[in-house]
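Start from the sequences, fold in the hints, and give me the full structure.
One-letter residues, chain by chain:
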Amino acid sequence: MSKRITVIGAGVAGLTSALALAERRAEVEILERSERLGEDCCSWCAGGMLAPWCEAESAEREVVDLGRGAIAWWEKRVSGVERNGTLVVAAPRDTSEIDRFAARTDNHERVDEARIAAIEPDLAGRFRKGLFFPEEGHLDPRRALHDLAERLAARGVAVRFGVDARQIAADGRAILDCRGLSARDALPDLRGVRGEMLILRTDEVRLSRPVRFLHPRIPLYVTPRANGHFMIGATAIESASRGPVTARSAIELLSAAYALHPAFGEAEIVEMRADARPAFPDNLPRLVVKDGRTYLNGLYRHGFLLAPIFAERAAAALLEERSADESHRQRRRA
Amino acid sequence: MRLYDVEINSRLLLGTAQYPSPAILAEAVRASQTEIVTVSLRRESARLREGQDFWALIRELGVRVLPNTAGCHSVKEAVTTAEMAREIFATNWIKLEVIGEADTLQPDVFGLVEAARILNEDGFAVFPYMTEDLVVAERLLEAGCQVLMPWGAPIGSGKGLNNLFGLRALRAHFPDVPLIVDAGIGVPSHAAAAMELGYDAILLNTAVAKAGDPPAMARAFALAIEAGRAAYLAGAMQPRDMAAPSTPVLGRPSLAR
Chain A
51 MSKRITVIGA GVAGLTSALA LAERRAEVEI LERSERLGED CCSWCAGGML
101 APWCEAESAE REVVDLGRGA IAWWEKRVSG VERNGTLVVA APRDTSEIDR
151 FAARTDNHER VDEARIAAIE PDLAGRFRKG LFFPEEGHLD PRRALHDLAE
201 RLAARGVAVR FGVDARQIAA DGRAILDCRG LSARDALPDL RGVRGEMLIL
251 RTDEVRLSRP VRFLHPRIPL YVTPRANGHF MIGATAIESA SRGPVTARSA
301 IELLSAAYAL HPAFGEAEIV EMRADARPAF PDNLPRLVVK DGRTYLNGLY
351 RHGFLLAPIF AERAAAALLE ERSADESHRQ RRRA
Chain B
5 MRLYDVEINS RLLLGTAQYP SPAILAEAVR ASQTEIVTVS LRRESARLRE
55 GQDFWALIRE LGVRVLPNTA GCHSVKEAVT TAEMAREIFA TNWIKLEVIG
105 EADTLQPDVF GLVEAARILN EDGFAVFPYM TEDLVVAERL LEAGCQVLMP
155 WGAPIGSGKG LNNLFGLRAL RAHFPDVPLI VDAGIGVPSH AAAAMELGYD
205 AILLNTAVAK AGDPPAMARA FALAIEAGRA AYLAGAMQPR DMAAPSTPVL
255 GRPSLAR
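Line by line, the protein sequences are chains A and B. Using the working numbering, you'd call the opening residue of the first sequence number 51 and step up by one each time. Using the working numbering, you'd call the opening residue of the second sequence number 5 and step up by one each time.
One or more hints might be untrue.
[As the list claims (entries may be wrong)] Where chain B lies over chain A, by a calculated footprint (3+ residues, C-beta under 8 Å):
no. : segment
1   : 106-113
2   : 120-132
3   : 146-157
Think of the hints as simulated: they come from the structure by calculation, not from any bench. Positions of the beta carbon are idealized from the N, C-alpha and C atoms, including for glycine.
As structure tokens, then:
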């Protein structure tokens, strides 16, 4: 008999883990408290950048190693994964930020005005110095979550929406808890880091890849989505608040977008949304076994980048009886 | 060093923003052996008590907290933020920032003096972030401040001590007031230079938080500050234009070619 597992939470951690389990022929069900996919999870606000080398600028070195395989994992499973790099630019007076970013990261090339114009023609003449990370990629997180749910459905795994897992008896099933910040009741180390994002729509700018716009106070990224949509993100505020985007954050994000390209000033604001990312004190994800339950949590800003490797580890730990502590130690050594 | 009747051993004050993670911040604080950390409070999150997790992490560091009013552009904002900070961190210490200019983040010295007066009267121990201006310093002392914090250079610029003459003059004019260089420090040699001028302490954030290895840089700063202080106390030699050989020239045998 195959092992029966209940995954709680249909965010990026829950869905990737459920798929990793289903691919190993476990019998999986997914419980989700909200009524619709993405309604109540911070993955819905994600940027979807698969950019391990860029992340090294502000994250631990481990993130690079852990995230290296993410693009290949997603490419095999969801549509719309682009592997065409990340462009990093800064306004002329902030070009020292480029040098700082370059010193902190690797696997990039220095680009000048002409090269920037060749990579992203709509940014021609706007920036004289930048960095290009050719091996990075991106995806549309919402599309990816839908595709995951469909793939799971094709394997007979349904997401049961509107189910509060606290009311469910374990019934002999193993539990993988991917509730994000809601799991603070069991994981007291977990904290919220608020992120705010906007979606703009314009036909006047075309970008093919995520562009990071460095600024000493307001670093921002713009990732292109289908049909002239652009996701502008994201703030990182030490707060668990999921309340509406503040005027200050909106002003900062919009003025940075405008500085990247003035046409964003004419764009329509399609959406503004805020949520809180779950993070442990070291801002690295963890697989935790506690009171007979396995937890995958703390993906912080790296949900789509690090979910694949941790989903695989969670599935391996649950099915091959390899303890999660061991994989945690392996992660430490990695 | 005494700051508002509190004896402090470490002459390094560390900001808590922009670290890669709270875990690295905690390591940096330990490595620096600082006894005071500054924390900025965003009013919107303070009002709703939304930064709780992070504030709890800060309190767990076990060091004295100096809340600051970073990002405040008016007297009213700064005073409100200070009041919230007093409630949240249960301290009357406040690092007072009233920003006057968006590009250089330099203080609005007029608003600063006014806010300092209001807060001092309200029982706060005010640590004002100021320019190195002597007259502003005088006004802040009149407003009740017992510590002054002139900038070295604009916040986050890492340029070091922009106006050595001004900082030296400030030290000379106020020999008995604790003076802390706040902002603009980029590398440990900047901090050592300020300590050699006789400054009492250094407050910095970005130089450690944005270093490749923040805990190692925190330690480097602690050493530089200790060295600078020791050098100040030891009394430095006076520089001169000509060489001064350390071995006597007189009486040296001159050899015939």
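Against the structure, the hints come out as follows:
{"no.": "1", "hint": "106-113", "result": "holds (count 3)"}
{"no.": "2", "hint": "120-132", "result": "violated (count 0)"}
{"no.": "3", "hint": "146-157", "result": "holds (count 3)"}
Against the hints set out earlier in the document, a violation occurs for number 2 only.
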